[in-house]
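Q: Listed below are the residues making up each chain.
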Amino acid sequence: MKIEGQYTFDGPRPILWELVRDPQVLATCLPGSPSVRKTGEHEYEGEIAIRVGPISGAFAGQLSVTNEVPPASCTLTVEGKGKVGFVKGVGNIDMTDQGPGKTLMKYTGEVQIGGKVASVGQRLFDSVSRGMIDQALGKLNETLQARSGGR
Amino acid sequence: MTKTLIGQRVLRNEDARLLTGLAQFVDDVEIPGLLHAAFLRSDHAHARLVGLDVSAARQRPGVIAVFTAEDMGADWAPGPPLVSPPPTAKDVTFHSRRQVPLVKDKIRHAGEALAVVIAENRYIAEDAVEDILVDLEPLEAVVDLEDAMRPDSPRVHDDLESNLAAHLFQKKGDYDAARQQADLVLRRRILIDRGAAAAMENRGIVADWDEKSQHLTIWDTTQAPIPIRNGTAARLGLSENQVRVIAPFIGGGFGPKMMMFYPEELVIPWAAKKLKRPIKWIEDRRENFYATTQERGQVHDVEIALSKDGRILGLKDIFLHDTGAYDPYGLTIPLNTQCHALGGYDIQNFTTEVSVVFTNKTLVTPVRGAGRPQGIFVIERMLDAAARELGLDPVEIRRRNLIPPTAFPYEHGIIDQAFAPLILDSGNYWPVMEKALEMIGYATFVRDEQPRLRKAGKHVGIGIAPFVESTGVGPYEGARVTVEASGKVFVATGVGTQGQGHFTTFAQVVAEQLGVEVSDVRLVSGDTAEFHWGTGTFASRGAVVAGNAIHAAASIVRRKVLELASKHLETPEDELELEGGRVRVADIPNRSISLAELANLANPLRGAVEPGTEPGLEATAYFGPRYGATAFGVHAMIIEIDPETMMIEIKRYVTVEDCGTVLNPLILEGQIHGGVSLGIGNAYYEKLHYDENGQLLNASFADYLIPSATEMPRIEVGHMETRSPLNELGTKGVGEAGTIPVPALFAQAIENALADRQLEILESPLSPNRLYELTSRKEAG
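Protein chains in written order, with the numbering used here: chain A, 1 to 151; chain B, 1 to 781.
Mixed in with the good hints, there may be bad ones.
Stated by the list, open to error - The calculated BS3-like cross-link candidates involving lysine-lysine, where the alpha carbons are at most 25 Å apart (straight line), are: (1) K83/A to K106/A; (2) K2/A to K83/A; (3) K88/A to K778/B; (4) K83/A to K139/A; (5) K83/A to K104/B; (6) K81/A to K104/B; (7) K104/B to K273/B; (8) K458/B to K778/B; (9) K458/B to K212/B; (10) K81/A to K106/B; (11) K172/B to K83/A; (12) K38/A to K102/A; (13) K308/B to K212/B; (14) K171/B to K212/B; (15) K778/B to K455/B.
Since the hints were made in silico from the structure, they are not lab data.
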């Protein structure tokens, strides 16, 4: 499944970059109360609870960050599995200045799902993942506003 | 014969039990100490299995055992081939790869079993499955048939050079020469995708090993209990007499429940014997979607050559056939497709070539129709295209090509699914078509109603599709018929029953011979302790093969009855008649003796049975046809399409079947109704959606649509009878007749209803959504 979209943040790009590069921050933005631990310079591991229609369960997995061009773009690779299936995804984030105090983030990605989450949840996965992304981006924007508010 | 029961609408003997919940199904089996099994299945379609850690699962309270392939040790072996391998011939390539009980090294489709947990109940077993840690290395999946055949494709079986499972070339006449003489040559690419059988009852098995009697009893939702008994005995090193397989009432077979030797059928009896405890496994619906076999995926490149008056000069069909991860069922399905691509038509020049392809998808084995709907879809689509090109009426082009009644037996000159010459035994095709035309009012509809309704803005269309169905194949079936001391009759036969009405039709055959009430004939089918010679219920062969074996056994018992009664009544046999459970002297009704008395005379407590005779009024007989009988039929329907939603309303649905002698029209109609329902699903609702990674994306009834009562039309069934010369009763099979032509019929009727859009349909299954896409694409140019 392909994921594509964009979001305009109310804050400057360097601060947004710092937030994006801090998975602890990302973790607080995502629904499903994920936990994240750093395991290498660009590698992390963690758990997240996901609910797709009738299917719900915990996923454990790894996140790695590559192709970093600070403070503009990077590639995020996620691999997770749980009792209800597995998820693999690769996404690219690209940020550009959009006037004063505004940053445009474009994201594209490819997600592969398998197991029960695919065979029973597929119909809803698209809208669930879009909802999760929207919610995460909104939360990230709030964090950004709070952090950049004083400037 | 005093009373004709064959052909009567006799109500079903079995319905009282079924309707009051007293019929036994596999899940009804309860045994003290029964354990329950759950399987760990792969989420990935293609992966190398690195390791399984089952230690936590084994420690869970209530878990009795956890088995992996490794734990099976020397008992681990792939399942047996399910049909004879193809003969070694220069035009046949066949690589046999059979399913394994539990994956040892490589996962080849999502849902393949990796381990089994045996626990005190299913809840614990399911929880313990989740305790198992799986270490695997995902591989790129082989999904698309054409991609699978590219040299750089990943391979489903590493030891083969490619994903080619089999290749078979057949020809009759000279297609290329015919093509040279043709006025019209049409080429089309036709795509057919998979559907599920979706029986109401999922699979299930209970195995009970009794250590003291050294005997294994298995209740299995199988259509073929005898092969399962023999194969299980061989695998477990037991005598066949130490194994009893019972196929009780089954909520629908439709092919995937044949003698499959599914992983569960290999593992559960093995585990029961090892643990010396009874074990039950009942499949859940999601397992059914990816662990029960499926069918229909093919890609055809077809060419048809015709004269300008619409005569078919030749047909060439080169196609790919999806067999999934393994091919235990050999070439049965693609051979059926090859044979049925000729339809009921007189085609002198035919070239057909199939490449069977391994993919990382669930195994493909016959599903009601078994390759036949694809063949019929191909030829009927080509004829519709040709009729349009030549400006002929779709009925007329068919009339000009149907095999004439004088041409039977019609030898086609290619081999059929049994690797024997394809011969159509008998038939009278055009009158069947005429009857269907008359029943649906074809002429009036096309001349008056359709123009009137079109003027009123309605998208109404008509379709009419003939088809042949090869049925009643060998090797043989058998039966034992006994008149018991009560005067009632007991019949045992090997074929199992999954709703076909055997308890009634077979009882009618016996009652007709012995002059008893149909309800006084008790039948046991599908229990190897009662009868253990035969193969099973599939390929529309029950009524033909088992029916004629039962007829033969009942005829012998009738002779024994008459012989004994003749002595007792001191009257020649030809002056006796059997009626109402008694043998009477024809002209003197009060000189008679009951079957009960005769049964007791035949089994005396004192005196001596004469040398060279047998006690009892009992006989066992077998029947094996020289080759399969071929049935014929025509389906016709009138539809209206809502052009906004592409929902189809079926206004009229007519079928006319010629399946030889009709044993019971009521039951025949039931078979047709069920078949049409599956056909409508195949044609317009059901499709298994696999993504490019081999994940099945609609493995639940929330997403996989099967027709319900609201989609089912009222079906008008007509009959014609051309007796088969191949058997005493003159029967031909009808089990798959309802399903076979439906996708072809839908395509034709939809094209007709949307004539203003000049749409050509070259794929199946369709759906409202897909039809909308096709018409939009057409409009977009």
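Q: None of the hints should be skipped; say for each whether it holds.
A: Now for the hints, and whether the structure bears them out:
Restraint check for K83/A and K106/A: the C-alpha separation of about 32 Å exceeds 25 Å, so the hint is violated. Simply put, K2/A and K83/A have alpha-carbon atoms about 24 Å apart, close enough for the 25 Å limit, and the pair holds. Simply put, K88/A and K778/B have alpha-carbon atoms about 36 Å apart, too far for the 25 Å limit, and the pair is violated. For the given pair, K83/A sits about 28 Å from K139/A by alpha-carbon distance, which is inconsistent with the 25 Å threshold.
Note on K83/A and K104/B: the hinted pairing holds, with a Cα-Cα distance of about 21 Å set against a maximum of 25 Å. Between K81/A and K104/B the CA atoms are separated by roughly 21 Å; this keeps the pair inside 25 Å, and the hint holds. About 21 Å separates the Cα atoms of K104/B and K273/B, which keeps this hinted pair within 25 Å; it holds. Annotation: proposed proximity of K458/B to K778/B holds, straight-line Cα distance about 20 Å (limit 25 Å).
Distance hint between K458/B and K212/B is unfulfilled; the C-alpha atoms sit about 73 Å from each other, more than 25 Å. Between K81/A and K106/B the alpha-carbon distance is near 19 Å, which keeps this suggested pair within the 25 Å criterion. For the suggested pair K172/B and K83/A, the alpha carbons sit about 55 Å apart, so the restraint of at most 25 Å is broken. The hinted pair formed by K38/A and K102/A fails the criterion: a straight-line CA distance of about 30 Å is larger than 25 Å.
About 77 Å separates the Cα atoms of K308/B and K212/B, which puts this hinted pair outside 25 Å; it is violated. Taken as a hint, the K171/B and K212/B pair is broken in the structure, with Cα atoms around 59 Å apart against an allowance of 25 Å. Of the pairs offered as hints, the one joining K778/B and K455/B holds, with about 23 Å between alpha carbons and a cut-off of 25 Å not exceeded.
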